[in-house]
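Just need the whole structure built from these sequences, with the hints factored in.
Protein chains in written order, with our numbering: chain A, 1 to 580; chain B, 1001 to 1079.
Simulated from the structure, these hints should not be mistaken for lab results.
In this text, a Cβ means the ideal position worked out from N, Cα and C, and glycines have one as well.
Check each hint, because a few of them may be wrong.
Straight-line Cα separation of at most 30 Å, DSSO-like style, residue types lysine-lysine; simulated pairs [stated by the list, open to error]:
{"no.": "1", "chain 1": "A", "residue 1": "Lys52", "chain 2": "A", "residue 2": "Lys432"}
{"no.": "2", "chain 1": "B", "residue 1": "Lys1020", "chain 2": "A", "residue 2": "Lys219"}
{"no.": "3", "chain 1": "A", "residue 1": "Lys52", "chain 2": "B", "residue 2": "Lys1020"}
{"no.": "4", "chain 1": "A", "residue 1": "Lys302", "chain 2": "A", "residue 2": "Lys171"}
Quick look at which bits of chain B chain A covers, simulated, 3 or more residues with Cβ under 8 Å [said to hold, decoys possible]:
{"no.": "5", "region": "1018-1029"}
{"no.": "6", "region": "1033-1043"}
{"no.": "7", "region": "1061-1074"}
Label-pair distances were calculated between CB atoms; the ranges are [as the list claims (entries may be wrong)]:
{"no.": "8", "chain 1": "B", "residue 1": "Glu1073", "chain 2": "A", "residue 2": "Pro345", "range": "44 to 50 Å"}
{"no.": "9", "chain 1": "A", "residue 1": "Phe184", "chain 2": "B", "residue 2": "Pro1027", "range": "52 to 58 Å"}
{"no.": "10", "chain 1": "B", "residue 1": "Pro1065", "chain 2": "A", "residue 2": "Gln159", "range": "27 to 33 Å"}
{"no.": "11", "chain 1": "A", "residue 1": "Glu15", "chain 2": "B", "residue 2": "Glu1023", "range": "49 to 55 Å"}
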Amino acid sequence: MRELKYSEILARNRELGASLPGAAYRVALLSNVVMSQLGEVLEFSLRRQGIKAEVTLGEYDNIVQDSERFKEFDALVVFWEAANLVEGLHVAADTLSDQEISALAERVEGEVSLVLENLKHVPLVLFNRFSSLVFSADELHNGPLAGLCDRLNITLDKQVSASQIIVGLDKILAKVGLDAATNFRQFQSAKALYSINFLKAYVSHVEPAFLAATGRGRKVLVLDCDNTLWGGILGEDGESQIQMGDATWQGHVFREVQCLLRGLKQRGVLLALCSKNNPEDVDGVLSCHPDMVLRDANFVAKKVNWCDKATNIRQLAQDLNLGLDSFVFLDDSAFELGLVEKELPQVRCFKVPDTLSEYPSLIRSMGREFFTSSMTAEDAAKTDMYRQEWARRDASVRFASVEDYLRSLGLKIHIAWGAAVSVQRAAQMTQKTNQFNLTTRRYTESDIRRMLADNYSIATFAASDRYGDYGVTGLAIIRFGAEKMVASIDSLLMSCRVLGRNLERVFFDHLVNKLRAMGIGRLHAEYFRTAKNDQVSGFYDTMGLRLVSESADRRDYLLQPLVDYQPCGIDYIEVSEDGV
Amino acid sequence: MVSERIFSVMSAVFGVDRSKLGEGAAPGTVEQWDSLRHMNLVLALEEEFGVRFAEDQIEQLMSFPLIELSLRELIQSGK
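Here it is as structure tokens:
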């Protein structure tokens, strides 16, 4: 976006706004300085990713009031400029007494708390860290304005919740440079402190948060081997000559890169290999080479063969049951990258830089493709879970029928109700699950907590079989109606990791059972069509609910009375429950 | 052509069709040309032509002819 001129961004933004389908993704921008250009740049950046963003500017310097007004929006950006906390603070701060500064700090702390509280149900909030850098960069001692910012940031850190991200303005200022980031001429005449260059950099910096919030975060990093994980070509140079140790500076770079990649894996990114090599040669390096940082267990899959890489990546997508738009591909060869870019345009491609010393920085910036707003135990263990899946698939070929095979797995689900539910995992599932999701409603942790305290029933299930544990992979949210004995299924979803095992049918049986025991006589259910959930369009039909109305995007079902429900009769899945 | 590029930038900044802009373009004749968009126009023109207007010039850029004149001067003097 840096290369695009502001006028081009404006023109293209309008075109995209007219052509994107679907409902608007509403973003509000609250600020105490003039930030109108940020709205357009942000809209453009999101629209070209397919998000139909509409940015509404809050009233100038009305952040507290507007936090009340816009709390139903999809996302909020709060750009609270320290220099303008009171008129002209950037010059007045040095003349204020300690007491006056302290009083001001208290007042703003109160306002910050109120704003964060008002916004706690908004799915995504970007809140700038208070910064004085533009005005304090020449100071050797921290002046009053810098001290004030430090104090406010402590408050911010303490009160912010998982869906609220604190944006490090200083990082962006450092990347752009203070001179290029500011426009004092504009600031004097119109209270617009920041240059378009800064605003473009700001939007680029925060973009991953929006992608993650709208289910577009990427999940898999596919890696080449030769001159990507190590220096040299394994097949030609041999195991002892490839470089990834401290003997040469090139080797050192590759070692650093592998360490960073392992860090990504730890964060929940899935690593896969795709290399034109003999599999035995690569396996040898993965298991025996003393300088190798990444080992076989760190990879969720390996495609080491002589086929073209586009075919291999397509196969990986199938194996892992993920869309190609979840993939990132890293290779040193312009040829390989060109082929994949052409055949699989949804895959994001990166090239190992020609200047090798820049390679670790590239990995760091690539990490942003995989941004997630929360880390759970499931994230860290993801690679293991996918590897266990491999073991299961290997076993499947030996069985005469699918049922035979499923029966042999020793499948178990453990259903947790109400207070036993992991709020963090439940919210995460609503945000990340796209395929087996009947209504695709996205919720934050505070939403889940609110529902648990209100007229709702929430259940999750964790699944396992004899090969290992899948973790918590299913969720149902039931809403009770104003009328007694009426309920409706607000959400029903399941991770694509556990598809094809009939777990959802057994889960549904238990849901209906429980509702019937509670005295529910009528159950409503809905299916909302999206680009990704076509596979469940007939789920409620299969479960025996009656279709009462249908349109292109939606189906409504009814189950009445609940005693008429026929359980699926699957006897090979063991069920235990908690919090009933 | 300098004038065409000016109109193209104006069209993008104000969100009006190129056909509605002419020699008489000014805050009085173009509804969307308010003070906020005037600032955006100045920035976009500076970016498009690689120039920087002097501070006291900006208030003078209040019509298409004045803008064109100022730009030609800046371009010629190589700023």
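Evaluated hints:
no.: 1; hint: Lys52(A) - Lys432(A); verdict: holds (19 Å)
no.: 2; hint: Lys1020(B) - Lys219(A); verdict: violated (48 Å)
no.: 3; hint: Lys52(A) - Lys1020(B); verdict: holds (28 Å)
no.: 4; hint: Lys302(A) - Lys171(A); verdict: violated (36 Å)
no.: 5; hint: 1018-1029; verdict: violated (count 0)
no.: 6; hint: 1033-1043; verdict: holds (count 5)
no.: 7; hint: 1061-1074; verdict: violated (count 0)
no.: 8; hint: Glu1073(B) - Pro345(A): 44 to 50 Å; verdict: holds (47 Å)
no.: 9; hint: Phe184(A) - Pro1027(B): 52 to 58 Å; verdict: violated (24 Å)
no.: 10; hint: Pro1065(B) - Gln159(A): 27 to 33 Å; verdict: violated (55 Å)
no.: 11; hint: Glu15(A) - Glu1023(B): 49 to 55 Å; verdict: violated (27 Å)
The structure fails hints 2, 4, 5, 7, 9, 10 and 11 (numbered hints given earlier, in ascending order).
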